[in-house]
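Assemble the whole structure, with the sequences as input and the hints as a guide.
2 protein chains.
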Amino acid sequence: MKFTVNADLLKEREKCTFDVEELTNFLDGGVKQTLHRRKLENFFISDPRFKDEVPMEYLSHKERYEHAVRKSCILFKKVKEWQQFDESASNFMDIYKSFLGISVGSAIIKDGTPFSVHYIMFIPAIMGQGTLEQQEYWVGRAFSNQIIGTYAQTELGHGTFIRGLETTCTYDPDTEQFILNSPTLTSYKWWAGGLGHTCNYAIVMAQLYTKGECFGIHPFIVQIRDEETWNPMPGIKIGEIGSKLGMNSINNGYLAFDKVRIPRTNMLMKNAQVLKDGTYKKSVNDKLIYGTMIFVRVVIVRDIISSYLSKAAIIATRYSCVRRQSELKPGAGEPQILDYQTQQYKIFPAIALSLAYKFAAMRLWDIYNKVTSQLKLGNLEQLPELHAMSCCLKAVSTADAAVAVTICRLACGGHGYMNCSNFPNLYAMTSATETYEGENTVLLLQTARYLFKSYHDAKSGLELTETVSYLNNFKSLRHKTWTTNLECMNSAFSQVAGSKIENCYFTINQLINSGISQEDAWNEYTIILTKAAEAHCRQFVINCFVITLKTVKLSAELLKVLTELCKLICCHWILNQLGDFLQYSNLKSNDVSSVQSLLDECLKCIRTNAVGFVDGFDIRDEILGSALGVYDGNVYERLIEDANKSPLNQDPVNISFHKYLKPFLKSNL
Amino acid sequence: MKFTVNADLLKEREKCTFDVEELTNFLDGGVKQTLHRRKLENFFISDPRFKDEVPMEYLSHKERYEHAVRKSCILFKKVKEWQQFDESASNFMDIYKSFLGISVGSAIIKDGTPFSVHYIMFIPAIMGQGTLEQQEYWVGRAFSNQIIGTYAQTELGHGTFIRGLETTCTYDPDTEQFILNSPTLTSYKWWAGGLGHTCNYAIVMAQLYTKGECFGIHPFIVQIRDEETWNPMPGIKIGEIGSKLGMNSINNGYLAFDKVRIPRTNMLMKNAQVLKDGTYKKSVNDKLIYGTMIFVRVVIVRDIISSYLSKAAIIATRYSCVRRQSELKPGAGEPQILDYQTQQYKIFPAIALSLAYKFAAMRLWDIYNKVTSQLKLGNLEQLPELHAMSCCLKAVSTADAAVAVTICRLACGGHGYMNCSNFPNLYAMTSATETYEGENTVLLLQTARYLFKSYHDAKSGLELTETVSYLNNFKSLRHKTWTTNLECMNSAFSQVAGSKIENCYFTINQLINSGISQEDAWNEYTIILTKAAEAHCRQFVINCFVITLKTVKLSAELLKVLTELCKLICCHWILNQLGDFLQYSNLKSNDVSSVQSLLDECLKCIRTNAVGFVDGFDIRDEILGSALGVYDGNVYERLIEDANKSPLNQDPVNISFHKYLKPFLKSNL
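Residue numbers (UniProt numbering), protein chains in the order written: chain A, 1 to 669; chain B, 1 to 669.
Incorrect hints may appear among the rest.
If chains are identical, the list can't say which one is meant, so a pair holds when it fits in one copy or spans any two.
As the list claims (entries may be wrong) - Below, a list of computed lysine-lysine pairs in the DSS-like style, where the Cα atoms sit at most 30 Å apart:
hint: 1; residue 1: Lys329; residue 2: Lys459
hint: 2; residue 1: Lys276; residue 2: Lys78
hint: 3; residue 1: Lys459; residue 2: Lys588
hint: 4; residue 1: Lys71; residue 2: Lys645
hint: 5; residue 1: Lys588; residue 2: Lys531
hint: 6; residue 1: Lys15; residue 2: Lys80
hint: 7; residue 1: Lys282; residue 2: Lys11
hint: 8; residue 1: Lys588; residue 2: Lys480
hint: 9; residue 1: Lys662; residue 2: Lys80
hint: 10; residue 1: Lys480; residue 2: Lys11
hint: 11; residue 1: Lys588; residue 2: Lys475
hint: 12; residue 1: Lys453; residue 2: Lys475
hint: 13; residue 1: Lys475; residue 2: Lys604
hint: 14; residue 1: Lys666; residue 2: Lys560
hint: 15; residue 1: Lys659; residue 2: Lys237
hint: 16; residue 1: Lys39; residue 2: Lys281
hint: 17; residue 1: Lys51; residue 2: Lys666
hint: 18; residue 1: Lys281; residue 2: Lys376
hint: 19; residue 1: Lys71; residue 2: Lys281
It should be emphasised that the hints constitute simulated quantities derived from the structure, not laboratory data.
Set out below in structure tokens:
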């Protein structure tokens, strides 16, 4: 069906004060990148084989999986075609960003492809932890899809605490083989994507035993299904873990071993090694394993979180311009609901957060690149800082995003509850990031540990690393008079974070001095420690946003809108944690109204450009996947169109009437 | 499968300091009520016809609906059997509470029965708005299930703002018929439960036209499907609205009219009437319609919200006693995760909120009964107060519950993401309450309007109604010294609410005095007005909890635990809105640590009795529906058992391997 653009949206677009294409180019990283992305999207999305006659939500769990496999095979065949005329497409990052659940991927397999872990973890793990020979043998086969692999770490009874894993891998020098075993039910591998029915290889993390001694967790490559019959290999029990809140075509699986033998050479031995005779050779540096974890967390924030926030903001903004409801003034007719202040306050923070977290993650990405180049030179000094920052940024951004996506959904009323709005799927995907790649509370406590140590260093006169350098001077800022400019608000965030860390430090040390053990003292204060880590993260995010505004080269018009969004987030976060700011920053009780006023002002300014701004995210209707967020604004037409795709609507009378309802009604006459 | 009770849970139960059965009896309203409930649950849940071989999540949308109809017919046939030997079961409230989605109902049709609206709205609407003749004609047929009805109010383009509805109903005196029409796409009725394929009658809310004049929204009974063939009646377009975040077997539908004629007598005429000649007779009191809305909102809070919070708390508490993870002290082994302070702070507030909102709703229920008995005498004075209180309580409790359920889910890590944990379903059900029966922001602004007026009355020396009487004296409390007893904390909540209302009042009046129109001034402050309404609600909830503690007759042991839960909520809410308390109450900056300490202390105390307490909610495993929350604590066994029910796990190799995956892999060799 072809529609004309909704008149309300047209008007909004005419009002926009900046060049939308400039914003798109900025977010893509340049004009060339935008063109390249659009070409790529066209190439894939236009393929009719990806079109669903019936939306996947209506199918059974099994059918959804089968469609996902079908489409994944077409998709990754097509990726090879694409790579032939596009060199940049041959690296993992490109595949990751384009085809696995964020952009093009989400237009094709909304609920996730069972091949994801193959690209996100199986191949990178071999590259990061395999010897050169191992890489040579495995990476080519994996990258050309002769084999499909997954990464099995988490167990039914063990998650974030990796040392607690139970699967054993015992070396037998007589046969030069390892023997994998699952000693308990809780040791079953659980969650690995694609493990259920899609993969024939897995990297398995297991407790390594050799010469009667345990050396902790190491990675092993295990064949789990026969290449010809796809039957599970002998001694291997395997299946999917069942249906979930979302990501139901990812095919998460479980895996158990009954004394399964693999060659010695299947241990990934770039770091630690087991020699033929069973001698264990320790890794030169076991901290290197952090590199991959940090990488994944930065990517989660920069690409996934930022993208989900943009999508939620686009849908809610466009819908709120088309939807009219109630009255602002008696008799004045129903206004666009985006004209309500409360509605603006639900949606605009999502726009701002999408940018704020993107900028913060980009900054972290720069640090990551600096640190990894130093790692190669054997310098590990900055690794703890990077680790600490990536932990709290992942924790806070994923939690914020899940809340923001929910608020945007609720801002669309009942229609946001429909699957065709795409909010349920967006929420399921966003909320999953709160749990995977490290439980958020555990991550915050890891950051807190680093902050505690840094505060100690600051007190001891040691030099501080960049992201915690504010611990040296946050107190001196507290006497300044409050104004609502960005510099002052930015400094208030450091004051709050600094004070919270300081408080934790003193309180916990007090307890220790009173004779309580360090662990007990720490465990008594985990709630406030997580809050200190959160405050540290927020000051980092605000700081990155402010620095970005200072350094980017953009037109004055666009820069103005970005500045309003930055101010909005400052006000929003200050008012949300007002108690902290009143206690620990130069904000005084009678300054609060100035923050509230600035917030109101920002909402008004952003209102003018809201549609233009979300248009600038340049997310195609197919990728957005929402009846409420379509570019042309024909929301109600799409809702009824989508309803009529329901298999239940193909017959005027459902069979259950004849089978159950009619006999029931008649029996009551 | 039979399991022994998990040893960790056994130990927890032995520690419990109070009599669990006493708590259950208290929550049920008495010993007799507990026995009755258990008997009823047994009668229904033991019926093998309700057992699912394959969990519904694995079926297609259509199959799920068909199962829901099948089970609903069995269920309501069985309800009649039950009624034969239980008199109390013949009223709506009993059916509502037992069979529609909360207790027994959720064990049988987890995702909701398509008959719900028939009981919740169709029958009550006829009783509330039909004449005696109409009641006589329709209620019997409806209650004995000779017909199945729904209630069609919301339209595709119109929700909470009822005056904006577009469906017309025009009287034709020549034929003594009304003519129903849907003039636009946005006027399509949308959302009504059971409307899609399950009902043959609907109460339709439409703009009444007679003698060329529009008299606003009125209710009409319309036959929508033929009793014999179940085909839509002539001129009626009908279908389901499609798949949603949850409640997918409710069969929400759409409905459009092409000049559909119904007899004049099908207008429900208890209040307004249209005479044969088309003369319109106005309702004596059009405020009476509020009664039903208030009733439904109180029920949402008292039964639905309280029940979902209990379920979430039970699941997370039991699982956290079984689950062991990480280390509190090096080498001390993995502790139960409920021993982590951060974990306690995620779960215990849900326990406390379940009670807090139940007590508040019970108090409102008492007021409701008082008011409705006065209504019958023509006294409408207390109606606005009741309306205001029900609005904010519905808004705040549903929002809090959705957050608390989510936090409990996240507290169970990845396993909470599994459908077999029941968290996804619980969340979908809870979050729906945020939107249905009035959008929460709109509701809060209705409360704000009442508070604004009440503050004006207070200033004018008029007498205040009970729930806002604190507006007379909140300022005098501010000079008192802070202590963390319940009285002081309770009073702080009134101070905050009072001050926020006062601020709104003065700021808005200032704007009006400066020449801005009343509507514009109001619209400039809707964000802070909603926050004032929220503060009013929280002071009411805390106040109700404190009064309950003072008045209930319970053992000292149980009362002690209830008191700890009340203190926990006070601390939790104070720390969440600390800025407000620092600005507006007698809490000073150096009192904050006392609140934090009390919070820590409450968590520790509640920890001892947590399992006992959630056991006291006495929710059977079948009603809880969670692999993580089972009474016997054999969590991991249930997880693998549930995974193996997946149809994908019935074959070792899925067909998609032969069809797609194998050709794909081979082509890459």
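Pop the pair Lys71 and Lys281 into one bin, within, between, both or neither, using alpha-carbon distances up to 30 Å.
-> neither (44 Å within a copy, 63 Å between copies)
Homo-oligomer pair classification [Lys475, Lys588; C-alpha up to 30 Å] | So Lys588 and Lys475 pass the 30 Å test inside a copy (15 Å) and across (21 Å) alike.
At 30 Å max between alpha carbons, let me know whether Lys51 reaches Lys666 within a copy, between copies, both or neither.
-> between (44 Å within a copy, 25 Å between copies)
Is it within, between, both, or neither for Lys659 and Lys237, if the alpha carbons may be no more than 30 Å apart?
-> Between. Shortest inter-copy distance 23 Å satisfies the 30 Å Cα cut-off; intra-copy 41 Å does not.
Up to 30 Å CA-CA - Lys560 versus Lys666, copy category | neither (69 Å within a copy, 55 Å between copies)
Between copies, within a copy, both or neither: which fits Lys662 and Lys80 at Cα up to 30 Å?
-> between (56 Å within a copy, 17 Å between copies)
Same-copy or cross-copy closeness of Lys329 to Lys459 [CA-CA at most 30 Å] = Answer is between: at 27 Å across copies they meet the 30 Å cutoff, but 59 Å inside does not.
State whether the alpha carbon distance between Lys453 and Lys475 is at most 30 Å within one copy, between copies, both, or neither.
-> within (18 Å within a copy, 45 Å between copies)
Using 30 Å as the alpha-carbon threshold, which applies to Lys480 and Lys11: within, between, both, or neither?
-> For Lys480 and Lys11, neither the intra-copy (44 Å) nor the inter-copy (56 Å) Cα distance is at most 30 Å.
Using 30 Å as the alpha carbon limit, work out where Lys39 and Lys281 are close: within a copy, between copies, both or neither.
-> Result: close neither inside a copy nor across copies, 50 Å intra and 66 Å inter.
Could you place Lys588 and Lys531 in one of the four classes (within, between, both, neither) given a Cα distance threshold of 30 Å?
-> both (21 Å within a copy, 20 Å between copies)
For Lys588 vs Lys480, is the C-alpha pair at or below 30 Å within one copy, between two copies, both, or neither?
-> both (11 Å within a copy, 22 Å between copies)
Of the numbered hints stated above, those contradicted by the structure are hints 2, 6, 7, 10, 13, 14, 16, 19, listed in ascending order.
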